[in-house]
Amino acid sequence: MKRRKFDMAAMPAKTGRAVDERFQVATPLRRLLNKVFPDHWSFLLGEIALFSFIVLLLTGVFLTFFFEPAMTEVIYNGSYAPLRGTPMSAAYASTLDISFDVRGGLIMRQMHHWSALLFMAAIVVHMLRVFFTGAFRKPRETNWIIGSLLFWVGFLAGFTGYSLPDDGLSGTGLRIASAIMLSIPVIGSWVTSSVFNGEFPGTIIISRFFIAHVLLIPGLLVALISVHLGLVFKQKHTQWPGPGRTNGNVVGERMFPRYAIKQGGFFMVVFGVIALMGGLFQINPVWLFGPYEAWVVSAASQPDWYVMFLDGSTRLMPDWEIFIPIGDGYVIPPLFWPTVVLPGILVMLSLFYPFMEARYLKDYRSHNLLQRPRDVPFRTALGMMAITFYVILTLTGANDVIADKFHISLNAMTWAGRIGLLVLPPVAYYLTYRICLGLQQHDREVLAHGVETGIIRRLPDGRFVEVHQPLSSGGEHGELPYAGWVVPKKMNRLGALGPAIRGFFYPIEKPAEAPVSPGHPPVEPRAEREEIGSGDSRRS
Amino acid sequence: MSTHTAHPGHEQVDVNDPRLSQFDIVREGARRDDIEIVHYEPQVMPGSKAERRLVRTVAAMFLLTGLAATAFLVVYIWWPWEYEMGRGGDKLYTPLLGLTLGIALLGLGFGILTWGKKLLPKEVSIQDRHEGAVSADDQRITGQTMAYMADELGVKRRPLLGVSLLVGLAPVGAVAAAPLVGGLISNPHKNNQMMVTGFSPQDGQKIRLVREDGRPIRPADISAGGQITVFPGIEHGVSNLHADSPTLLIHLREADAEESRRNNERVGHGGYMWGNYAAYSKICTHAGCPASLYEQQTNRLLCPCHQSQFLITDNAKPIFGPASRRLPQLPIEVDAEGYFVAKSDYTEAVGPDFWERP
Amino acid sequence: MTSDNDRRRGLLARLRGRPVVRSRGRRRLGAAVRLVAALMLAGGAYTLLAPSASAQDNPPLSGAAADGKALFDVSCVTCHGRNAQGVEGRGPSLIGVGAASVEFQVSTGRMPMARQEAQAQRKPEVFSPDEIDQLAAYIQQLGGGPVVPAGDNLHADGNVAVGGELYRINCSQCHAFSGGGGALSSGKYAPSLSPATDRQIYAAMLSGPQNMPVFGDNQITPEQKADIIAYIQQSLKHDSDPGGVFNLGRYGPSTEGVAIFLIGIVALVFTSLWIAGKS
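Residue numbers (the UniProt record's numbering), protein chains in the order written: chain A, 1 to 540; chain B, 1 to 358; chain C, 1 to 279.
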């Protein structure tokens, strides 16, 4: 305990001293306040998911005050006239009450649903960012695994929540879920019977889903999110390569006040966007769907968007049933492959990708600098291939809506999906790979010959040439090595790396160096950028 | 992490030195956390026009927040919110709440963001990651400490302890799992429930086909080219308790019925139809949705969930999509009072496929 | 389309307007001959397809039905054949389909069909309400069949809640919970109910147009039909959405998923672009 050394004599905070004497928080607090975070827009995508999760918790708690997770049959007698007198489950009736008889209940329900969709969407977008920039590499494999698990746990949270109102649409979804469980070889019927306590739908599934949805799954999510954030904190955030940025440092802003203020403001914006959507865009109008009845269905029955890829894969699956002629005979239904095996493969692929890539590249070093997608063409191409695969499946999940609204034959849509699923991902791989190589090539060209200035110059012998602004001052053909940084391609982007690190990265002609001395407040006015001449002795 | 990381080139600053400015202390604090503030520059000159303008902007956003939040409360309390069918003002309640709440939050958010982005000084700090801080010595010390702990426990020397502990704990684990598994487990074949529907004759009495309101159905109730959803005429027959029983009773046109009967004979379902009427399970054999989009000209039945298509005139055989099994057919006839009854229960399992379906 | 239509109507009006005192059969014969002659003079394509007039021994037609037949012989005979007996491969027989079917098909503009396709589409209607009545009377007299009751408001006594339940059992599988319609196999579809009038919904249930199953009065009573129409008109169509000013077409999760990306994610990504550094 070196209290004397940290005696905050210069601070008038007597209370602060008193607190520190008891809890010794001064040092850790200072560390926290000072922690440096890199500043890049793509690092905020995960925050969208985090903030929508907070909104989910807030609105979700509100909903539990009014929701009754029971399948007891009641006769609806609430405000919504078109359903009055209809027998329905207590769960559905209380959902209608939240929508029509609880003041402000509808907007809470809608905000809850929109933030659930946003949560999953932000997870996916964040995951793509992490994937394409190689942020999952050592030492962050664990966090990648936790992130992937967050998607799948969020998927379960979403599905259980979607099922709770016990309306016509969600009941159909639940019916399909029961069929998926049934399709598992050997144990399928036992699993289904145990989950539903007998035959579908039984009378207990809603209360089981309820406890899973409000306690077990959110508990798991909170735990995973805490570890996820804790690891980001402990391992420090990755950063883009750039001037002064190395594998061994973090260049950015200290956590307080700038970074924290941005986070706080961004939380409010996320919350605000959810509120606007919850108020202005109607979502899941359960009152139109009626109570779940096993014989009622609607054209265009779909799950929420993040489950739609499973619906799509199921629609595309051919009717291949495997019959095992032992005894009375056993079957593996076609439903099993796209809904149990496919997600199983996807989970495993996503969980273990970092290790597979490290093994493939024989790269076991720690990486704190991100890679530009173009610099790792095979990974980028693989990612695009996966996206294509996923998008085709998701679109197929809505292929009846597309067929209906764009006047395409439904059967043709299915066949297009089947063929597209096999053909398009490899095409996407090839195209992405070529585009990456092309972009790399162009970067090298600019580094070698400079930026096109748009200035045309006539040479003494009558030829016209465009003047290029070289990026380095190193001689006639001074070539800069490619360092994984953004290469400026337009004149007005010269020094574009500057704004983030303004003050020591002036014109590009001065080779960037790590700063040697800390800045002084107030800093002297910035030196004017060097004028770029017309290219005397600089033409390529 | 410890505080004693060496900083070559930086002598320890005495933070009690009265000549130091507040920023000097801040920078010294950062330095002790291996952070260098390499660039620190106010974005706006204190008292400048730009600063005043930004302050006004931020203040306006905060005031907008207050205004919108107040509007939210006003709407929440006084706007007529109770549902009435039609196009009344109550339909604007939720949009207005969303709008006011959204504006309030966005005003606050962008106010804070503008404050942080435009009014605070720009800074660039560099923090050391201590990637090299992985100390082989520490690794060895911790490893040895743990190994020593194992030695202290003496598991190696006294193997019986370890083995008996494992043997003793294994059932404890099972005890933890048992109530959960035992409580949840439910035999799917109890009462042969997967093979039996509500149409199974009770006490030798054949079950009537009834409508959703429980009325039995006469052949004259359905026109040619029509279809009706029917249920077993038993207690709770029209409820989710018999979720596998809903059936589609179809009145085929003469020519289609002829073809349908021929195809019935072919698969040994002769006599399942009554006249031009055929009854097929409404529960899709693929994933259990109600397959009920009946096209009366083409005699196709489409399932809206995964688009399996069944040809009614050919024993409801799947002709497109992922379903691999025909819809089970319910053998029907007309009883003495002229109402439809099921001759027997379905002769195969209704609903989605599963492993042990014979 | 319209001018063509007007011309034909004008022609028919003139034909009809001339007072004639000949026997009914000869009058019909004469009218048909004059019609053919007029069309030939006009160079219309109908001439090639119009049937040659011949003696018919059908029961005598009422006034409206006779006018309907005149219309039929001009516009419908190509596909449905002489005396509405149908033409193999082109159009079905209309004997016994009833006035309800005519009313549905013609008042929604589905008939006359523009071309042969998977399914007739709703179009601006070709005939005036009076002409539709005449056509309906003609078909009704030919073979009988279901008739839509009189009046434009057929849901006055309907119970919305009962109608909703019936709608979900009988209609939603094809027309969707929202009434927006949906896809059927191989390019066929169940249309949206939003443009449908009471009479058209009623007529559709009675007659089972195209691939829609028939819901006769024996199956769904007139009172229940009124309930269903009440649900469609009052709840699905007239009751505006309580959950927001945009209902995303009520397509369910598919458009909701599009919205969260196009609105939610895009707005927030732009915000984060504004908040933080870009390179």
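These are computed hints drawn from the structure, not numbers from a lab. One thing to keep in mind: the hints can contain errors.
Said to hold, decoys possible - Taking lysine to any residue pairs in the SDA-like style, the calculated list, with each CA pair at most 25 Å apart, reads:
#, chain 1, residue 1, chain 2, residue 2
1, B, 91, C, 121
2, A, 362, A, 235
3, C, 278, A, 444
4, B, 317, B, 236
5, A, 362, A, 348
6, B, 117, A, 362
7, B, 156, B, 170
8, B, 190, A, 362
9, C, 278, A, 348
10, B, 118, A, 259
11, C, 278, A, 440
As the list claims (entries may be wrong) - Sample of chain C residues with no beta-carbon within 12 Å of chain A, all distances over it, derived:
#, residue
12, 199
13, 221
14, 275
Unchecked claim - Some but not every residue of chain A turned toward chain C, in silico, with C-beta under 8 Å:
#, residue
15, 127
16, 128
17, 129
18, 261
Because the structure is a prediction, the values reported are computed rather than measured. Glycine residues also receive a C-beta, built at the ideal position from the N, C-alpha and C atoms.
Against the structure, the hints come out as follows:
no.: 1; hint: B/91 to C/121; in the structure: violated, 33 Å
no.: 2; hint: A/362 to A/235; in the structure: holds, 22 Å
no.: 3; hint: C/278 to A/444; in the structure: holds, 21 Å
no.: 4; hint: B/317 to B/236; in the structure: violated, 30 Å
no.: 5; hint: A/362 to A/348; in the structure: holds, 21 Å
no.: 6; hint: B/117 to A/362; in the structure: violated, 42 Å
no.: 7; hint: B/156 to B/170; in the structure: holds, 20 Å
no.: 8; hint: B/190 to A/362; in the structure: violated, 55 Å
no.: 9; hint: C/278 to A/348; in the structure: violated, 33 Å
no.: 10; hint: B/118 to A/259; in the structure: holds, 13 Å
no.: 11; hint: C/278 to A/440; in the structure: holds, 20 Å
no.: 12; hint: 199; in the structure: holds, 22 Å
no.: 13; hint: 221; in the structure: holds, 18 Å
no.: 14; hint: 275; in the structure: violated, 5 Å
no.: 15; hint: 127; in the structure: violated, 13 Å
no.: 16; hint: 128; in the structure: violated, 11 Å
no.: 17; hint: 129; in the structure: violated, 10 Å
no.: 18; hint: 261; in the structure: violated, 10 Å
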